[in-house]
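Colleague: Listed below are the residues making up each chain.
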Amino acid sequence: MTEWTEAMTGNGCTWIERDEVFEEYARGTLGDETRDAFETHYFACDACFQKVRTSLALRAELAALPEAEPAPGPAPRRSWWLMVAPVAATAVVVIAAALWFRNPALPASPAIVADAPPATASVAAPAMPTLADISAGHSAAPPAAPAAGSLAREAVRNTPPAASALMLLSPSDNQMLPLERLELSWRHVPGVVYYDLQIVTEEGNVVWSGRADGTSTTLPAGHGLQAGQKYFVWVRAHLSGGGTVKSPAVPFRVSGQ
Amino acid sequence: MTLLGDPLSRAPAEQGEASGADAARWANLARRVAAGDASAEAELAALFHQRVKVFAAARLHGSDTASDVAQDTMLAVIEALRAGRLHEPFNLPGFVLGTAKHLVNNHHRKAARSIEVGEDPPDRPAGAAPHWQQLDEERRAVLRAALLRLHPVDRRILVLTLVEGMHPREIAPLVRLKPDVVRTHKARAVKAVADEIARLTRSGSTNHI
Numbered sequence: 001m002t003e004w005t006e007a008m009t010g011n012g013c014t015w016i017e018r019d020e021v022f023e024e025y026a027r028g029t030l031g032d033e034t035r036d037a038f039e040t041h042y043f044a045c046d047a048c049f050q051k052v053r054t055s056l057a058l059r060a061e062l063a064a065l066p067e068a069e070p071a072p073g074p075a076p077r078r079s080w081w082l083m084v085a086p087v088a089a090t091a092v093v094v095i096a097a098a099l100w101f102r103n104p105a106l107p108a109s110p111a112i113v114a115d116a117p118p119a120t121a122s123v124a125a126p127a128m129p130t131l132a133d134i135s136a137g138h139s140a141a142p143p144a145a146p147a148a149g150s151l152a153r154e155a156v157r158n159t160p161p162a163a164s165a166l167m168l169l170s171p172s173d174n175q176m177l178p179l180e181r182l183e184l185s186w187r188h189v190p191g192v193v194y195y196d197l198q199i200v201t202e203e204g205n206v207v208w209s210g211r212a213d214g215t216s217t218t219l220p221a222g223h224g225l226q227a228g229q230k231y232f233v234w235v236r237a238h239l240s241g242g243g244t245v246k247s248p249a250v251p252f253r254v255s256g257q
Numbered sequence: 001m002t003l004l005g006d007p008l009s010r011a012p013a014e015q016g017e018a019s020g021a022d023a024a025r026w027a028n029l030a031r032r033v034a035a036g037d038a039s040a041e042a043e044l045a046a047l048f049h050q051r052v053k054v055f056a057a058a059r060l061h062g063s064d065t066a067s068d069v070a071q072d073t074m075l076a077v078i079e080a081l082r083a084g085r086l087h088e089p090f091n092l093p094g095f096v097l098g099t100a101k102h103l104v105n106n107h108h109r110k111a112a113r114s115i116e117v118g119e120d121p122p123d124r125p126a127g128a129a130p131h132w133q134q135l136d137e138e139r140r141a142v143l144r145a146a147l148l149r150l151h152p153v154d155r156r157i158l159v160l161t162l163v164e165g166m167h168p169r170e171i172a173p174l175v176r177l178k179p180d181v182v183r184t185h186k187a188r189a190v191k192a193v194a195d196e197i198a199r200l201t202r203s204g205s206t207n208h209i
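These protein sequences, in sequence, are chains L and Y.
The opening residue of the first sequence carries number 1 in my numbering; numbering runs sequentially from there.
The opening residue of the second sequence carries number 1 in my numbering; numbering runs sequentially from there.
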């Protein structure tokens, strides 16, 4: 069997290094002309065929992974002052407490404590009693450092709105859009980096996809949609934290010539 | 004749670039199939069945009928060869691909006719592909395990690339890396998964993914 194949296992292959072709082919977004040429090629090229096969399998399996998987980045670089700040804050608290115990008449100094960066306070708080703990009942006691639980609640409050917040404004359900002017608009989502849109046929074939920075877009010429056909559109917001929020799919029809 | 096997298919010479020797081999294979040689049919299936299946899976966007289309294609090709309907035997790969395209288009037309208005929208047309469910569970488990062993950032980069279709420069701010570093991570992740698959293939516990 190998006698068939000696020639085309990578030698002289101009496709194998073009990762974007394999990726777009696996996603079904490769242009028709390139797709046809690529299929003709990988039908004969063993190296490209194996790579196509792996790309398709990878894509299918990745798509089946939980969508809400967190997107951790590498550990952010911390400034030098953030690294030493916990020690400094602890020292400030200890010194302040010592001074206060030595001379209880001396009012605590909220100004000094307040100078510590917020992140520092949260780090130092569990290890050391706060000035508020020491001077419980003291009228000048500074506010206690936020506990981990309250920080978590704060994080929840800062979380972008739920998926229901992202919805298409145009088209509405089963709206008829003119072929010559296909305008899409949707509701803004806070914290968005950009939006991507997909329009698919009733069979689920992608006919157009694009991205936008704002909350509306007009399909460019050559979009591939046809009059009289029914399509589905949805928008996905890519958030600065790495997550995505997707709108419900909206069916619509196209009118015109 | 066995078309459902999963042989390690090897590449035929590329259409349009085939040497005279390759063309002669294609013509010979076509002639043997036409003569009813069962070993030639098996050889034809070993060479093209997996390619047609991958092609159909890609064209049908994960439809669970990719295997059926691949099977029908091979049967149609063999029938055509037996009936002497292949006019350019040296272009056998092109004939197989053309037959597969024809059957995929038929499937699209049939599906379009059977769609009922008001049906639930195809929310994820190319998402978790049903055809994948038909593939060998062991191979799928290997792939999944390899993906789960990746660093979460690398896995995220693969998702954003292959599922979301994002470019490294778009991924970069999301994972707080430079675009070049994203490319490196992506290449490393793909290689890690491919190596895992290759290792298992060498060990003989499964076939190619």
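Calculated from the structure, these hints are not laboratory results.
What you are looking at is a predicted structure, and each value in this text was computed from that prediction instead of being measured.
Hints should not be assumed to be uniformly reliable.
[As the list claims (entries may be wrong)] In the DSS-like style, the derived pairs of lysine-lysine whose C-alpha atoms are separated by at most 30 Å in a straight line are: (1) Lys230/L with Lys178/Y; (2) Lys191/Y with Lys178/Y; (3) Lys230/L with Lys191/Y; (4) Lys246/L with Lys101/Y; (5) Lys230/L with Lys186/Y; (6) Lys230/L with Lys246/L.
[Unchecked claim] Simulated coverage check for chain L against chain Y, where a stretch passes if three residues somewhere in it have a Cβ under 8 Å from a Cβ of chain Y: (7) 36-45; (8) 176-185.
Where is the CB? At the ideal position from N, CA and C, for every residue including glycine.
Colleague: Confirm or reject each hint.
Modeller: Okay, the hints, checked on the actual structure:
no. : hint                   : result
1   : Lys230/L with Lys178/Y : violated, 41 Å
2   : Lys191/Y with Lys178/Y : holds, 20 Å
3   : Lys230/L with Lys191/Y : violated, 41 Å
4   : Lys246/L with Lys101/Y : violated, 33 Å
5   : Lys230/L with Lys186/Y : violated, 37 Å
6   : Lys230/L with Lys246/L : holds, 21 Å
7   : 36-45                  : holds (count 7)
8   : 176-185                : violated (count 0)
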